[in-house]
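Chemist: Chains A and B, in that order, are what the protein sequence lines are. Mind the numbering: the first sequence is residues 1 to 254 in my numbering, read in order. Mind the numbering: the second sequence is residues 1001 to 1133 in my numbering, read in order.
Source of the hints: derived by calculation from the structure; they are not laboratory data. None of the values given here were measured: they were computed from a predicted structure. In this text, a Cβ means the ideal position worked out from N, Cα and C, and glycines have one as well. Check the hints yourself; a few may be wrong.
[What the hints assert, rightly or not] Partner residues are not named here, just some residues of chain A that face chain B (Cβ under 10 Å, in silico):
| hint | residue |
| --- | --- |
| 1 | Ala2 |
| 2 | Lys5 |
| 3 | Phe9 |
| 4 | Trp14 |
| 5 | Phe184 |
| 6 | His185 |
| 7 | Leu209 |
| 8 | Glu215 |
| 9 | Gln216 |
| 10 | Arg217 |
[Said to hold, decoys possible] Listed next, the stretches of chain B that the computed footprint assigns to chain A, with coverage defined by at least 3 CB atoms under 8 Å from CB atoms of chain A:
| hint | region |
| --- | --- |
| 11 | 1098 to 1108 |
| 12 | 1112 to 1118 |
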Amino acid sequence: MATKKLIEFIVEEWEPVYLRHPNDERVKRMLERNAARSMPGCIGSLDCSHWEWAACPKGLAGQYQNRKKWRSIVMEMVCDEDLYIWHFFIGAPGSLNDLNMLRISPLYFDVVEGVWPPKSFSFCVNGRSRRSLFYLTDGVYPKYPFFVSLYPKPITPAENIFNRPQEALRKDVKRLCGALPARFHILLHPGRFGSVEQMMLAGKMAAILHNMVVEQRRGRYVSHARMAAAAAERYGEPAAAAGDGHAGGAGDVD
Amino acid sequence: MDAFTDDGSGSSSDDGRGQSEGSADELLAAVIGARSLFLMRLHRRNAAQRALRRRFVGSVAGRRANRPRDFDEGMRGIMPDYFGVDGQPPVHGEETFERRFRVPRSVFMRIDDAIRDRPFRRQSTNATRQSQA
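With the sequences and hints as input, model every part of the structure.
Modeler: Spelled out as structure tokens, the structure:
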């Protein structure tokens, strides 16, 4: 009982602080970092993952059964290079795929309402100034202006050049999908909570604690120093290369 | 007349049925009674077992008694090992702390400070008047 109360308390206390959109300063820093990693205008990468639900009631079995035939709930996550979670949406039945998930996600509503992403930032791609920030996604996501996915069949050198950093940067969220259950094993093993609400609370708690840890550690990650050195060494050149590929096909990011 | 005949016929028919099927009725009643008694006992036994099987039942009479092991030993072990008591540094370092508690010490202490006054943090006392682990 005390554990449940503790979970509730953590979520109530820190959800408004640790699971929210980045403020302007953070967005600016993220843009700088991603520009140095040859993907200007990127504010994180997006993906979904499943958490098995052991105590799923039989009546909900059909709804919660995912494509791998086990019962689960879906988590939609956006994270940056440090694996800081900027968007965490949990609680949808496992039968939903990434697209259905996006349609009911608060992130999508924010984008549709025009609240997010912020329009006050501009970045330069291929000699042209653009203002629409985007998330990196994989191929299933629709071709919206705020999503940038791969070229499915890259042929030209420009496409290949673009695909490479896109894949490399999208590893961030894939890493998160591995690192979050690895740190908090509650997400690794099938959840034994009786209700979806409890599962959601526990998932959010794990995300909040993870963000706390990342916030503590952020400055000391090796990649920061390494990337800063690399960026200083060859600044400008990879950004231009990525810009070529980007403007070539992904099109109207304006 | 009508009423009387009705009553008479009714009573006579009742009597007749009672006399003709009396033994069968009694037998039936006895069977039903025994069966219901049996079911009631079964139900009671099931209920008792269910009560014993209930998960968050705590310390209840009739369950297996605790062995006289040293309950406080765990707490006495954890505090100096990971947090340090009486100004002593903890036995295990930060890395081990994070491995065992899944978050760094600073995050742990921060949450601990936040929940310090909450009712669910208080150590409760169980039915045997010992502090609950």
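Chemist: Which earlier hints turn out false for this structure, listed by number in ascending order?
Modeler: none
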